[in-house]
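Sequence order for the protein chains is U and G.
Everything in the first sequence is counted per UniProt numbering, starting at 1 for the first residue and increasing by one.
Everything in the second sequence is counted per UniProt numbering, starting at 1 for the first residue and increasing by one.
Read the hints as simulated data drawn from the structure, not as lab findings.
Check before you lean on any hint, since a few could be wrong.
Given that identical chains are not distinguished, each listed pair holds provided it fits within a single copy or across any two copies.
Claimed, not checked - Below, simulated DSS-like cross-link-like pairs (lysine-lysine); rule was C-alpha separation at most 30 angstroms, straight line:
(1) Lys-66 with Lys-293
(2) Lys-306 with Lys-66
(3) Lys-293 with Lys-122
(4) Lys-125 with Lys-210
There are 2 protein chains.
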Amino acid sequence: MLVFGHKNPDTDAITSAIVYAHLKAQLGEDVEAVRLGNPNPETQFVLDHFGVAAPRFVETVANEVKQVILVDHNERQQSAADIEQVEVAEVIDHHRIANFETANPLYYRAEPVGCTATILNKLYKEHGVDVPKEMAGLMLSAIVSDTLLLKSPTCTEQDVTAARELAAKAGVHLEEYGLQMLKAGADLSQKTIAELISLDAKEFQMGSYKVEIAQVNAVDVNDVLSRKAELEAALENVIAEKGLDLFFFVVTDILNNDSVGIALGKAANAVEQAYGVTLVDHQALLKGVVSRKKQIVPVLTDVLSK
Amino acid sequence: MLVFGHKNPDTDAITSAIVYAHLKAQLGEDVEAVRLGNPNPETQFVLDHFGVAAPRFVETVANEVKQVILVDHNERQQSAADIEQVEVAEVIDHHRIANFETANPLYYRAEPVGCTATILNKLYKEHGVDVPKEMAGLMLSAIVSDTLLLKSPTCTEQDVTAARELAAKAGVHLEEYGLQMLKAGADLSQKTIAELISLDAKEFQMGSYKVEIAQVNAVDVNDVLSRKAELEAALENVIAEKGLDLFFFVVTDILNNDSVGIALGKAANAVEQAYGVTLVDHQALLKGVVSRKKQIVPVLTDVLSK
């Protein structure tokens, strides 16, 4: 049996697979963690810090197994290329359910919390299994990553409680370690412009408008804004190629928990309406905005659907 | 907020709604149990035995609430007529997942066990809430009903453990009470032929064949077989009306855990192949067969898909 998180894996996707495979092993089940993509720099920092090896990379799964376990996702387009050819025996997730269907009953555990690791931490307790130091470290890191150190509006009380408990078990200082980890993932100085605008970009249909929103985390937003001319040229190219009405590029400051947004395209003024700001040179400060899912997609959808 | 089980409710569907509303109330949440259909005689016996009122009947829900909780089902065609107009906040279930999609993250708890009540019993423990006598009685009854007194192949170890524990809390003798309850639902003497063949009938496409399978529980299969001529005439009518290739009518003996099957239609010999039996006057004894889901649908599908 294989367990894996979504394609384009983030820290929660990679570590949840490792952690759930560990829990299963303690319960006497033989499950191997694998990954559908490369660890990003933040995830690599986490694995190095706790001395855990990255799972094996796979593209397809039906050539190896009949049954799989999904963590941190359920939608088939985010999963293994041949996911329809295997049986999903379990899902542990914190997202909406969509594009998902099974022929048989399964174990499905979803909770509306900030991170899959928060649910996994509960499962250890439900099964009466101790959480070893390095697994605590991986779960803590996933929570820090998904909640931007407990600052994102997706963060629940359960995530905060789990993070404090896991930091103690992992033997690290929550705030210090968390910031160090986020910084490791927010070093944008080595990224090309093409990487910056595509690393975490998602496309949305909002009313009759076609919108793309990309987000990057930064310790210093000037690392990105200093390359603004080059950046805008690249965004304009994507807009022309894909026929977008709006490309909203968001640089999130992980120290102050604000974002700077750059809006291009003929629907750019939707951003002004959505946040009550004025774009100066296509750019505006978005105070307190850190979550695309909760603070960007819904407000822009609202403005553009009117 | 409303909580309800599937249409054509069985004992698990009705009692799980009542029980989960009780647990929610102990957790300080205001959730009302409702039902999408009338309690069958077995369920009515259970409610009377433990002195619990049937939930209120509703056909639609969007006129009352914005959010709902589903128990013992998830597929939209089994749910309230206007289920697509409300948000599903939670699901507690033990079936496959299909025809189900949400816009937002939710609490989804499915486990591959024999009965929803087995999962609810766990939830009481996870929340540290005591199970009162009458709620224990309702959960026990749901397990007895879904597993045919722990005899069905859908029954897991977890169901058995939960049933024993709940019988003690409810202050009833598991086997005696269970049989009494099943008998209350298996009194077929008052049923019309039309009721017998439609009460629990489901249609399936198997390969290129259109098959309907109806199942009734009986204490004495002769209560049904004594009306065989009338029964077969009614089945032939349905076959002609719906253009069926096979109508398989199954009377399950709840005392001996065997079934008698009556097979009509041009694909009737599929039953002979499936079970290695010979139909005599369209009828055969199926030793040890009690579960349509596990022991009838898959084997017939297998034969008819070749």
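Here's how the hints hold up against the structure:
1. Lys-66 with Lys-293: The answer is between: 21 angstroms across copies meets 30 angstroms, while 34 angstroms in one copy does not.
2. Lys-306 with Lys-66: Cα proximity of Lys-306 and Lys-66: across copies only (22 angstroms, versus 47 angstroms in one copy).
3. Lys-293 with Lys-122: Answer is within; shortest intra-copy Cα gap is 25 angstroms, inter-copy 32 angstroms.
4. Lys-125 with Lys-210: neither (45 angstroms within a copy, 48 angstroms between copies)
Violated hints amount to a single one, hint 4; each of the other numbered hints is respected by the structure.
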